[in-house]
Every structure is written in C-alpha cells, then in structure tokens.
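Undergrad: In this note's numbering, the protein residues as written are 1 to 609.
Warning: the hint list may mix true and false statements.
[As the list claims (entries may be wrong)] If you anchor each label on the Cβ, the simulated ranges turn out as follows:
| hint | residue 1 | residue 2 | range |
| --- | --- | --- | --- |
| 1 | 306 | 275 | 42 to 48 Å |
| 2 | 436 | 125 | 47 to 53 Å |
| 3 | 235 | 425 | 38 to 44 Å |
If you're looking for bench data, these hints aren't it; they were derived computationally from the structure.
By construction, the Cβ of each residue, glycine as well, lies at the ideal position given by its N, Cα and C atoms.
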Amino acid sequence: MFEIEQKTIEEKIKKFVIRNDIPYIDLKWSTIPFNGEWGISVSFFQIAANEAKLGRNKGIPVSQRAAEISKQVKEYLGSVPSFSHIESVNAYLNLYYSTSDYAARVVNSVFDTGDKFGAGVPKNERVMVEYAQPNTHHSFHIGHARNTLLGESLARIVQFAGFDTIRASYPGDIGLGVITVLWAYNKFYRGKEPEGIHERGQWLANIYTEASRLLEPRDGETPQEKNQRELYDSERREMYRRWDAGDPEVRNLWSMTREWSLEELRDILRILGTKIDVWFFESEVDEPSKAIVDELIARDIATDERKSGGAVIVKIDEKLGLKKEKYRTNVILRSDGTTLYLTKDLALAKEKFEKYHVDRSIYVIDVRQSLHMQQTFAILRLWGFPQADKCYHLAYGYVSLPEGAMSARRGRVVLFKEVYNEAIQRVLKVIVEKNPNMPQDEREGVAQKIGLGALTYSMLSVDNNKDIIFDIDEALNFEGRTGPYIQNAYVRANSILKKYWAENQLSAGKNLPSFEFDYILGNHEIELIEQIARFPGLVQQAAREYRPMIIAAYVYDLANCFHSFYHAVPVLQTDQNSIRNARLNLVAAAKQTIANALALLGITAPEVM
RNA sequence: GCCUUUGUAGCUCAAUGGAUAGAGCGCCUGACUUCGGAUCAGUAGGUUGCGGGUUCGACUCCUGCCAAAGGCACCA
Numbered sequence: 001m002f003e004i005e006q007k008t009i010e011e012k013i014k015k016f017v018i019r020n021d022i023p024y025i026d027l028k029w030s031t032i033p034f035n036g037e038w039g040i041s042v043s044f045f046q047i048a049a050n051e052a053k054l055g056r057n058k059g060i061p062v063s064q065r066a067a068e069i070s071k072q073v074k075e076y077l078g079s080v081p082s083f084s085h086i087e088s089v090n091a092y093l094n095l096y097y098s099t100s101d102y103a104a105r106v107v108n109s110v111f112d113t114g115d116k117f118g119a120g121v122p123k124n125e126r127v128m129v130e131y132a133q134p135n136t137h138h139s140f141h142i143g144h145a146r147n148t149l150l151g152e153s154l155a156r157i158v159q160f161a162g163f164d165t166i167r168a169s170y171p172g173d174i175g176l177g178v179i180t181v182l183w184a185y186n187k188f189y190r191g192k193e194p195e196g197i198h199e200r201g202q203w204l205a206n207i208y209t210e211a212s213r214l215l216e217p218r219d220g221e222t223p224q225e226k227n228q229r230e231l232y233d234s235e236r237r238e239m240y241r242r243w244d245a246g247d248p249e250v251r252n253l254w255s256m257t258r259e260w261s262l263e264e265l266r267d268i269l270r271i272l273g274t275k276i277d278v279w280f281f282e283s284e285v286d287e288p289s290k291a292i293v294d295e296l297i298a299r300d301i302a303t304d305e306r307k308s309g310g311a312v313i314v315k316i317d318e319k320l321g322l323k324k325e326k327y328r329t330n331v332i333l334r335s336d337g338t339t340l341y342l343t344k345d346l347a348l349a350k351e352k353f354e355k356y357h358v359d360r361s362i363y364v365i366d367v368r369q370s371l372h373m374q375q376t377f378a379i380l381r382l383w384g385f386p387q388a389d390k391c392y393h394l395a396y397g398y399v400s401l402p403e404g405a406m407s408a409r410r411g412r413v414v415l416f417k418e419v420y421n422e423a424i425q426r427v428l429k430v431i432v433e434k435n436p437n438m439p440q441d442e443r444e445g446v447a448q449k450i451g452l453g454a455l456t457y458s459m460l461s462v463d464n465n466k467d468i469i470f471d472i473d474e475a476l477n478f479e480g481r482t483g484p485y486i487q488n489a490y491v492r493a494n495s496i497l498k499k500y501w502a503e504n505q506l507s508a509g510k511n512l513p514s515f516e517f518d519y520i521l522g523n524h525e526i527e528l529i530e531q532i533a534r535f536p537g538l539v540q541q542a543a544r545e546y547r548p549m550i551i552a553a554y555v556y557d558l559a560n561c562f563h564s565f566y567h568a569v570p571v572l573q574t575d576q577n578s579i580r581n582a583r584l585n586l587v588a589a590a591k592q593t594i595a596n597a598l599a600l601l602g603i604t605a606p607e608v609m
C-alpha cells in the first residue's frame, strides 16, 4: 500500500551504500513484527555479510557491521515524508508510518474497491483448475468434499488474484466399478428407482457395496460359493464387454443410472457453491486416447507387446535416458485393447490445452496419485506435448476415518450429505439457545451457511499436504478457530452498522459519515487496520503457492483482531463524533474484508446468526 | 528394495533463511446492568524426532540415522 514510498527510500539507501563504497545487494523488506505501531523494516545482514565475503569489512563481525550500517543509514535519511519516525535497532532499520495517513489510506482503499478489495491486476494468463472428479454410481463422501472445497477455493483465489480461470470437473463415469453397479442393479433391482436425488444416489452406492461382497473371495468359502462367485464375475465381465461394444441395452442402463449420480453430484456442487465451467467425462476421452496410443507406438515411444500376449507399455525412464529409476514403466493399453486411467489422462491434457487454450493446468488430486500424475506428465513430455511442463499436480493429503481408510467397496464411508444435514441440525440447536428471537423462516438459511462454514473451514485451515482424520465433532465445532467464529465477527460488525443506521433513520448499505483518523489510535485499531492492509499481498501468495490455507489462517487473524477490537473499543458509545465516525468506517472496512476473504474459501457470512 | 510426504506445547495445526517459534482444543483464573458471551483478557505448557554440515543467522536449506503414512506396469 506504500509501494511508492518504499521504492523511494530504497533508492536513497542504495545511493548512500554505494557512495560509502559498500557493495550493494537488493534489500528485502518486511513488516515490523512488534505490536502497537506499524511500519516496514529492512535489515543489513546481507549487505554486511557480502562485504565480509569480499574481505572489505576490516575484521568487524557481520552483525556488528550490519548494526553500524543501519545506524548510519538512519542518520543519513533524516526525516522522510509519509513516515512518522525512523529507528535503528541492531541491524534493522524500522520505518514507522504516519498513523492518520496510513489508516485513512487503508480504509479508503477498501471502500474504493468494495468486494474487489484485495484483488490483483489482470495477469493475462488462463488457468484451468480441475477438481470434483468423483466416480459415478458411487456416492459423494467427505473425501470428495475436501477435494471439491479445496479446488473451488483455489479457483476463487487464482481468479481473484487476476488470472482468467476455468473450473473443470472430470467424473469417472466408466470403469470396472461402474460396471459392477450396472451388473448388480440389472440382476437384483432391475426397474427399481427410489425417490429423491440423494436417496437414489446413495442407494446406488449401497448396491456397489453389496455387489463387492458377492464378488470378492472370502476366507474358507465352500466350492459352491466359489462357483457362484466366479459365475457372477463372468457375468460382470460380459457386461463390460457389451458396454464396450456399444450394446444398446447396457448403454441405456448405463446412461440412466449415470444420470442419477450426476444429478446428485450437481446438487452437491450447488450446495458447495461450485459452478463448473467445463465437464469432461472419462467415457468421452476413451476413444481419442486410443489414437494417441497408436501415435506413441508409431513413434517408438510406446512398446507394443500385444503379439506376445502382453500390453502396450511405455518404458518411461529408458526413453527419457534416466539411469536411476524414477518414473518406471507403465501400461497405456491393456492386452485386450481397452484403455486405462493413464491413457485417458493423455487425451484429457490435449483437450484442455487445445480446445480451451489454457496456459496452465492444475490437477487437484489426492497425493496417492502422485506417481501416476508424474508418469502422465513424463509421457506427455516424451510425446513432445508442448505444454507438458505447464501441468501441475496439486497433491493434497487424503481424508480417512479413525477406524482407517474410507472404502466404498466395504461401505465404510462418511457421506458428505449426511455430515451436511447433521451440521444444519446442530446449528439450529445453537440458534434456539443463543438467538431464540430469530424468525423461523430465516433459521434454515442461516443454519446452512454456518454449518457449511464450519465444515469448509475445518477442511481448508490445514495445509494441502496434511492428511485429515475426519472427526465430525471437530469438523462441526463452532467455537474457537472455526468458521462460525469468523462469521460471528462479521455479524457483530454488521450489528454495529445496523444499529447506527437505525438510530439515525438511514437506509442500510453505504450510508456512513465522512471520517478522518485525526486522533491517537489505540492498539486494537492499529492492529485491525494492519490486518486489513495485509490482505492483497496474501491473496497473491496464496495464488502463487496454491494454498487456500494462507487465506484461512489470515481471515482467522483478522476476525480475532476484530473481536478484540469489538470488546475493548466503543464505537457507537463514543462521545466524540469524530472518533465515532472514524471507528464506524473502520468497522465497515473490516466487515468488507472479512467477507472478501471468506468468499475466497467459499464461505458465506450471514447478516445475523 | 526404491521413491514421495510427514515429524513443532498433552492433542490438532501455524511460522517469505531474520528480531521474543505462534494459535485453537483441553487444564486453571478472571470479564463491563454497555455495539450480540458462537466473545474477550490472563496463567501454565517447547532441547522444533536424533546427529552432523552450510550460513553473520536454521523449525526452514544439505546430509546420515530413527519413526509414521502413502506409492511402486494390464484398478482409479
């Protein structure tokens, strides 16, 4: 926010350093870590260390020399516009902002940009974020929820940071798992269809669990049981063969049940606030990927071992000329000529770059698929795919349960929809207790926002590379470092403004008095303003590092500052109008910033709770 | 066997190579007849897995161990 002033001072320091015959190195600025007053800081360790390295320090220890330079620079600078004072502490040079200027600048900047406060300038680069890749014929569990919440938040952050952003979903609508459901449905439940989008989707998932039990070998099974199982398995294989051959009966059954799953998926994405721009389906890249295999064989990148009963493989390390094993060898076409996940990913990459003209492609996929993704990108490089190094796998830790990994096959999953419903029930209970005057018709909507806010925050406040052991009581906690805590800060800010408008018979919205920060600000005000000012920089960092956690941590700090401020600093109760007006505006700026930051996480704050 | 990731307070997690390693939960102690107590203020709690190295400076980078999780060709 003070970039120009910082630049000017940097130039001055540079001039001073060079004039004193000290080799100059670019300065690294940071904010002063002390409370109470804000400003920027720079240290002279690097310059002193560099000087020592060149043997020009006259034997003075680095830290002592750095402190010396810092002191000299302070003397040289004297007083500087926009900064109230400068101090030299050890090797550091601290420049303190002029309080009233800075405060007004920050708050006005929020009002000038509103819900765009914190957004970056357009970067002229198009990024595709691929997430929400559940299989159809299964149900959406909390592992999928982490994936989707993370992908959606990342998309919002990247977009807000200034990149042209495309959201892509890639459901797995074909494969052995899908066929298993078709087989069992056809055999045991033909013609049945439960009422309700979610009930129907979950019912299909139960069929999968049931079918898996029938198809998996068991310890100590009798010969009859074994025969039965093998018969079922051959029926399933036959079903896959018929699907592959385009048998109309199987295809119809497939598209009907597939649609049931997609309907449920679309509704869950709606609940999560996700609007997918581009839908890819595994079934649609199946055929195009076979052409790529042919090309890879023709160019001797892939080895066709089908004549000897094998598959089509790529010896990735060998083709890349690597001595140590890194990507190993992988199959890109089964011996029966059908494609694999990896095969389809090759066609998908091509489609993304060629049809949608993206400059960068981010795959939000569980860490367990890291090797697979690296193999995919390596084969793209071998193929000569021009944007192979523009593909990035955002690996995140997976979600498991206290009793172990989730398994759709064993029916050991926690469904997102069940957690969501439970969240709403719990919030409604709290509302009855804490805000019994809330009108009935408002409660449901508020409960949805708070419940989802709690779940979302619990997922996004841990870094990407951390696994999560899902505990519903932790995920739906409403106190402390949680979504509702932050939403509550927003609500409190709102209630101050509402009261002001009501008392002065003004219409709610932007009716705020003009203001100046021409009094001595207290620590709570200073810290709150400082937090607001940090937001734009953190948006860029989060986008650069693909880490929504940065924003999650930030918005908690901001809310925490606001709660402290709220408790300690009177706003409407202030006697002096000028102070009241300034604080009112600060409250409005904080409210806006909380909303903007929460929006990047996909969390909405209600006006009351 | 090879590869990847992780190891920080009792638990769950933070910390662009930089000033005093911070939060939440839990424990304990307090808070205005006030703008909403889903809150605030405070106490206690640390050899950052262990050993070397690089650096003026290491939780952070390199290296060797130890421990945990995950992955390693016809699943996705």
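Undergrad: Now tell me, hint by hint, if it's right for this structure.
TA: Status of the hints after comparison with the structure:
Look at residue 306 against residue 275: about 43 Å separates their beta carbons, and that is inside 42 to 48 Å. The beta-carbon spacing between residue 436 and residue 125, approximately 51 Å, falls within the hinted interval of 47 to 53 Å. Taking 38 to 44 Å as the suggested C-beta distance range, the pair residue 235 and residue 425 conforms, at roughly 42 Å.
In terms of the numbered hints stated before, the structure departs from none.
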